[in-house]
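Chain A is already provided as a structure; the job is to place chain B on it using the hints.
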Amino acid sequence: MAMFVLALVVLVGWKLFQGSQLTLHKFGWRFLVQSDWDPVNENYGALPFIFGTFVSSIIGVLIALPLSVGTAIYLTELAPNWLRQPVMMLIEMLAAIPSVILGLWGIFVMVPWLRDWPFPFLKKTLGFTPFFQGPIYGVSILAAGIIIAIMILPIITSVSREILRSVPDSQREAAYALGATRWEVTRIAVLSYAKRGIFGATMLGLGRALGETMAVTMVIGNRPEIAKSLFAPGYTLASAIANEFSEATTEVYLSAIFELGLVLLLVTIVTNIVAQLLIGNFGVGKRVPAGH
Amino acid sequence: MQVSKHHHHWRKLKSGCVSIVCFACALAVIAPLGLVLFHLVRLGAGSVDWHFFTALPKPVGEVGGGMANAIVGTLTLLGLAALLGVPVGVLGGIYLSEYGSRRFNWLVRFMADILNGTPSIVWGVVVYALLVIPMKGFSVYAGAVALGFMMIPLILRTTEEMLTLVPNSYREAAYALGIARWKIILHIVVKIASKGIVTGVLLALARVAGETAPLLFTAFGNRFWNHDLKEPIAALPLQIFTYAISPYEDWHRQAWAGALVLILMVLALNIGVRFLTRGKFSARG
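Protein chains in written order, with my numbering: chain A, 1 to 292; chain B, 1 to 285.
If we strip away everything but chain A, and leave its shape as in the complex, we get (with noise of 0.2 Å):
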């Protein structure tokens, strides 16, 4: 049963590759530099697609990270005990709203609030720089990076919270010891241990990021274009999957597509694997045996 877990990546990786074997032969690479998406024409390029999915991601990730990283340290330096537990537990629960949910709630209340409020606001005080230009539709590439980021804050959060938990109390004990106020604890014993770590948990936190589908293609707007302002609707590579698996009416067509997973499940893995490499050495999630 346990080879099955391998059997499964092979399935996973080869059937992905099978289904591209198309557009694989007729674009070569030029399907991850192309910026062409025209099915009309049989013209197939992913370039949008890829810079919707990093240019999201990277906002989901830049938003997230400092309020994950602050909310561990509260958890695990700050927050009277009483509290650790439940806070963790409300945690968990927005890790288990699922992503259609979210969505729902973006395009109803999040995308038409942010459209009033803090996109004008943005435009008005920020708009000399090149990102905030330009017409306000509410769905955007920014509006998909804050869902994205409301989507990874519990996963970011708990691995930095049992990456802060594991760095040993001799290390605090001392730097109490010289003196240091609790501020200068954490940073200076606490934050620089467990630095490797928490890239770590961002990295993780990126890989769920890039592969969202639901909540960011019911907020993204859907074009592929690669604009430069936030402001401007995008496209990931999940959510082209998610729309146009099912206008796929031609060989080709189907088979970019295909293509489309296969760059998403390579980006994922590597953003994975570098992620486990991080953490792994703190020994997150490996506990010793009971009694010993």
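Do not rely on the hints blindly, as some may be mistaken.
[Unchecked claim] A short, non-exhaustive set of chain B residues, derived as facing chain A with CB atoms under 7 Å:
no. : residue
1   : S15
2   : V29
3   : V126
4   : P247
5   : D250
Hints are computed from structural coordinates only; laboratory data are not their basis. C-beta atoms are modelled at their ideal positions from N, C-alpha and C, and glycine is treated no differently.
Positioned in the frame of chain A, the structure of chain B alone reads:
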């Protein structure tokens, strides 16, 4: 060296400020949960009625109708997915914990973690190629297999973790009595860890219950009752998605109701599990 009093105050102030910022971060992380739940109840609760659980969707343009078929569909898919995911995941976990060489187990664990990180939409595409194309159509089987595949690495990892929590002294005591290895594993180790294993299974079910992406082109959705496992079937998350992106006001209302029902299912599983596992071998140490 004399440290000035002023400097000391400054350091304490800084420390205090950071504490407040961290507290604010924690609030900001929890805020979306509160907001989402608030809006789900506000916009969904009014539409969750008897009709919602018993009626089929009405044709486009007609007001009313329910999601009975989608609720049954989700339960059917979960049941079938569990038939695939639970045995493979649990047996694989037992193997990892009790048998196998170090290196092989490391590899399987690593691969399972990679599968856990695989985007759910990719599972949909893979199962489409694996089952939908050869069977020439969307089906309950395809949807269940997609969800089942997703469950395997989840269950495998939790099962293994729960089994490694069982003290070795139990195994040694049993060996000393001359009991066969398979009997020890089945009747002692697995039995002790059974609560934890069940927890892992329920959490995996809760996780895939809300999945939409892998069902888009496997189970596909259906506006009527499903009578044949070789035919497309409705599922709650799919229905919510279709209704949410539709232009009809009445469908939006039902999407909120569906979302409320779905989240209650998922959270009930999640919270129920926590009560189940209070005790020695808790899911989270």
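Which numbered conditions among the earlier hints are violated in the structure presented, ordered from lowest to highest?
4 and 5
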